[in-house]
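J.: Chains C and B, in that order, give the protein sequences. Just add 1 to the spot in the first sequence (first one is 1) and you have this note's numbering. Just add 526 to the spot in the second sequence (first one is 1) and you have this note's numbering.
It is possible that some hints are incorrect.
The calculated lysine to aspartate or glutamate pairs, modelled on EDC-like cross-linking and capped at a C-alpha distance of 20 Å, are [unchecked claim]:
hint: 1; chain 1: C; residue 1: Lys-192; chain 2: B; residue 2: Asp-560
hint: 2; chain 1: C; residue 1: Lys-195; chain 2: B; residue 2: Asp-665
hint: 3; chain 1: C; residue 1: Lys-222; chain 2: C; residue 2: Glu-71
hint: 4; chain 1: C; residue 1: Lys-195; chain 2: C; residue 2: Asp-211
hint: 5; chain 1: C; residue 1: Lys-82; chain 2: C; residue 2: Glu-71
hint: 6; chain 1: C; residue 1: Lys-206; chain 2: C; residue 2: Asp-236
hint: 7; chain 1: C; residue 1: Lys-105; chain 2: B; residue 2: Asp-665
hint: 8; chain 1: B; residue 1: Lys-673; chain 2: C; residue 2: Asp-143
Pairwise CB distance ranges (calculated) [as the list claims (entries may be wrong)]:
hint: 9; chain 1: B; residue 1: Pro-729; chain 2: C; residue 2: Asp-236; range: 56 to 64 Å
hint: 10; chain 1: B; residue 1: Gly-650; chain 2: C; residue 2: Asn-352; range: 53 to 61 Å
hint: 11; chain 1: B; residue 1: Leu-661; chain 2: C; residue 2: Gln-232; range: 57 to 65 Å
hint: 12; chain 1: C; residue 1: Ala-217; chain 2: B; residue 2: Ser-552; range: 51 to 59 Å
hint: 13; chain 1: B; residue 1: Tyr-639; chain 2: C; residue 2: Ser-273; range: 53 to 61 Å
Note that these hints are calculated values from the structure, not bench results. For each residue, glycine too, the CB sits at the ideal point set by N, CA and C.
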Amino acid sequence: MSSSTRSIRIIGAAVAATLVATSLAACTTTPPGTSAAPASSGASAAATKVFMSPKFTGLAYFEVARKGGEQAAADLGLDFKYIGSDKAEATEQIATLTNAVAQKPNALVVSAIDGDAVAPALRTARAAGIKVVTYDADAAADARDLFVNQLSYELAATTMLDAALLNSPDGGLVAFISASPTAPNHTAHVKFMKQAIDTNPKYSKFKYVDTVQFAADDAQKSQDIALNLMQAHPDLKVIISSSAVSAPAAEQAIINAGKGGKVFATGVALPSSVKDFIKSGNSKAFMMWDPAELGYVATVAAAQLAQGKITAAKGTKIDCGKAGTYEVGDNGEVLYNKPLMFTADNIDKYNF
Amino acid sequence: MTRALRSYSAELLLVVLIVLAAIWSSQLSPYFLDTNNLMNSAAFFVVFGLMAFGLFPIVVQGEIDISLASTLAVASVLFAKLSVAGVPVLVALPVVLATTAALGAINGLLVAYAGLPSLAVTLGTLGAYRGVAYLLAGDAGVTGLTKDYTFLGMSWIGVVPSTVVLFLIAALVIGVVMETTKFGRYSYAIGANPDASRSASVPVRQLRVGAYAIAGAMAGLAGFVWVNQYQSARGDNADGAILFVLTAVVLGGVSIKGGSGRALGVLLSTLLLATIQTGMKLANVPGTSQTLVIGLLLIASIGGPQLVSLIRTSVLRLRRSAQVGGEAGA
Chain C
2 MSSSTRSIRI
12 IGAAVAATLV
22 ATSLAACTTT
32 PPGTSAAPAS
42 SGASAAATKV
52 FMSPKFTGLA
62 YFEVARKGGE
72 QAAADLGLDF
82 KYIGSDKAEA
92 TEQIATLTNA
102 VAQKPNALVV
112 SAIDGDAVAP
122 ALRTARAAGI
132 KVVTYDADAA
142 ADARDLFVNQ
152 LSYELAATTM
162 LDAALLNSPD
172 GGLVAFISAS
182 PTAPNHTAHV
192 KFMKQAIDTN
202 PKYSKFKYVD
212 TVQFAADDAQ
222 KSQDIALNLM
232 QAHPDLKVII
242 SSSAVSAPAA
252 EQAIINAGKG
262 GKVFATGVAL
272 PSSVKDFIKS
282 GNSKAFMMWD
292 PAELGYVATV
302 AAAQLAQGKI
312 TAAKGTKIDC
322 GKAGTYEVGD
332 NGEVLYNKPL
342 MFTADNIDKY
352 NF
Chain B
527 MTRALRSYSA
537 ELLLVVLIVL
547 AAIWSSQLSP
557 YFLDTNNLMN
567 SAAFFVVFGL
577 MAFGLFPIVV
587 QGEIDISLAS
597 TLAVASVLFA
607 KLSVAGVPVL
617 VALPVVLATT
627 AALGAINGLL
637 VAYAGLPSLA
647 VTLGTLGAYR
657 GVAYLLAGDA
667 GVTGLTKDYT
677 FLGMSWIGVV
687 PSTVVLFLIA
697 ALVIGVVMET
707 TKFGRYSYAI
717 GANPDASRSA
727 SVPVRQLRVG
737 AYAIAGAMAG
747 LAGFVWVNQY
757 QSARGDNADG
767 AILFVLTAVV
777 LGGVSIKGGS
787 GRALGVLLST
797 LLLATIQTGM
807 KLANVPGTSQ
817 TLVIGLLLIA
827 SIGGPQLVSL
837 IRTSVLRLRR
847 SAQVGGEAGA
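Next up, chain C with everything else stripped away, as it sits in the complex (with noise of 0.2 Å):
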């Protein structure tokens, strides 16, 4: 007993202690050292220091994409970083965020895996003078300059939908697999491609299975949840994902399964993923978008930022050279808008 009470005393006595000196010392709340002016605007374009942070490195798609941003460094001489863990996790990022700020560079070109989480780290950055342009996945609006869009969640879940009319023409029951209820931009595709199912008549062929399936960009989750599904819903036609991950995978479990050519997967997928499908005919359709040419835009955006040429003002226009020039709209969102739909005519020119 007397030895609990002792502890109780030393431990009483450490907190107190460390109370009083917290409070001898002043408590701010102005991070130390941050009023240091930001160097970068009106920086020559050969010093701008770019680095583009994806969800999270390894992943075909993003690679796809830093071949853009390196691209864009080529042509601009820009000093171009691609930074990141392999690991899927929010921490990751905010670490990688956090020790990229303290490098100084001009611009951060991000991914947000978790776009809240991320958004102190981000805010951190603007403060020190960087400038923040999301591209693929948003952060929170308030911790960025710009939001490159690849599509607007509209026009991909229509996009995705006449993918599936390629597929299935006589429309059928379509389930949906996203990467996890925390990705926000596969929620809002679920829900618009179920909004224009309900509304649109182009789309009224189909039916929906409501409950939507988590795979979180795994190949093999998705090849069980595909297979799942199908013997779930015999009379199913057609999954639908915006994970480019899943939407193969799912596609390969039909086939697998022997039903290549009755019931069909489509959605987001990279067309090298998907060649060998359609070409043999078990497969009509997939979409995307071009990876590296987002990726070009947003680094061009960014680069553009940094070097004072353009603000992240509504109506602004961002000459991005062959790439385009885009127009910055409500919210400093820039829609690229630039739907891919890879079929057994086209499959063969594109090389990503």
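Since chain C is already given, all that's left is putting chain B on it; use the hints.
T.: Same frame as chain C, but now just chain B:
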């Protein structure tokens, strides 16, 4: 003097490694020795450090808990929900910490009273608690937290982030508890030999439940730090953090088999891992290499003591056989 040195050899080794890692990091990147960056980076590791100190007593007792990151997510989502609902933070803190302590106690009850293996139990609750967090958070997660819930993440005491101070206090409390209380001494005894402890009428089951409850509360505190630092919460918060947490505990000299290890070691190993990770991130080392380094450190810290004792016994055996051989020759 030499005895003191020997008993703290693990900690001394860690200090040497930290110094080496810091030198290496400052060579890797010119931005490493920047006070602001060091402090911001330290704040980043508070969430992991709190979970490591929660796990520490459990490992001392010879058990394991891999569900802590999921418990954190339950806490962060609860804090965020309560904040949005307008509940004052001083009410939310005891409520949420009691809830996560109860989640921890469930693990403890299943391990101590149902006699189930702790790895299996906490693998189950790793999924279950994560599911609870997703259900509570909803699809979009929770944002728009009030100031009182995020104040700690945006305040500094001198140049030190408040969350770092909170971590040091919590680490000190756990350290003192493990060094001076009956709970601490019995925990080492249970870890060293549970059967002997039981026959010496140590309340093994209650102490196990207690250790798991403490871990749950520490994960809850980590969840509090999470919402303070990231001003939002989602079901997937801190997913995958357990590799770092377990590495910090074992690298700190806490035997995975139980019965040994000190809080100071856990603190130093957290510091070492933080230094290495920050250095690698600052130098933009590719992600795969970073994961590889942490994984290798975990294996080295588990295998290291084993290797030392292997070498020691084989040296002894060699010596003995040499002696025998010598005698035969004479």
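J.: Would you mind marking each hint as holding or not holding in the structure?
T.: Now the hints, each set against the structure:
Annotation: proposed proximity of Lys-192 of chain C to Asp-560 of chain B is violated, straight-line Cα distance about 46 Å (limit 20 Å). As the CA atoms of Lys-195 of chain C and Asp-665 of chain B are separated by approximately 16 Å, the hinted pair is consistent with the 20 Å bound. Under the criterion of a C-alpha separation no larger than 20 Å, the hint pairing Lys-222 of chain C with Glu-71 of chain C is inconsistent with the structure, at around 33 Å. Pair hint Lys-195 of chain C plus Asp-211 of chain C holds up; C-alpha atoms about 8 Å apart against a cutoff of 20 Å.
A distance of roughly 8 Å separates the Cα atoms of Lys-82 of chain C and Glu-71 of chain C; the hinted pair therefore holds under the 20 Å criterion. Our distance criterion of 20 Å between C-alpha atoms is met by Lys-206 of chain C and Asp-236 of chain C, whose separation comes to about 14 Å. The straight-line distance between the Cα atoms of Lys-105 of chain C and Asp-665 of chain B is roughly 35 Å, outside the 20 Å bound, and the hint therefore fails. Restraint check: the Cα-Cα separation between Lys-673 of chain B and Asp-143 of chain C comes to about 17 Å, which is no more than 20 Å; the hinted pair holds.
Between Pro-729 of chain B and Asp-236 of chain C the CB atoms are about 60 Å apart, so this pair conforms to the stated range of 56 to 64 Å. Distance hint check for Gly-650 of chain B and Asn-352 of chain C: the Cβ-Cβ separation is about 46 Å, which falls outside the suggested range of 53 to 61 Å. Roughly 26 Å separates the CB atoms of Leu-661 of chain B and Gln-232 of chain C, a value that falls outside the hinted 57 to 65 Å. Between Ala-217 of chain C and Ser-552 of chain B, the C-beta spacing of about 38 Å breaks the proposed range 51 to 59 Å.
At about 55 Å, the CB distance of Tyr-639 of chain B to Ser-273 of chain C agrees with the hint of 53 to 61 Å.
In the structure shown, a violation is registered for the earlier hints numbered 1, 3, 7, 10, 11, 12, in ascending order.
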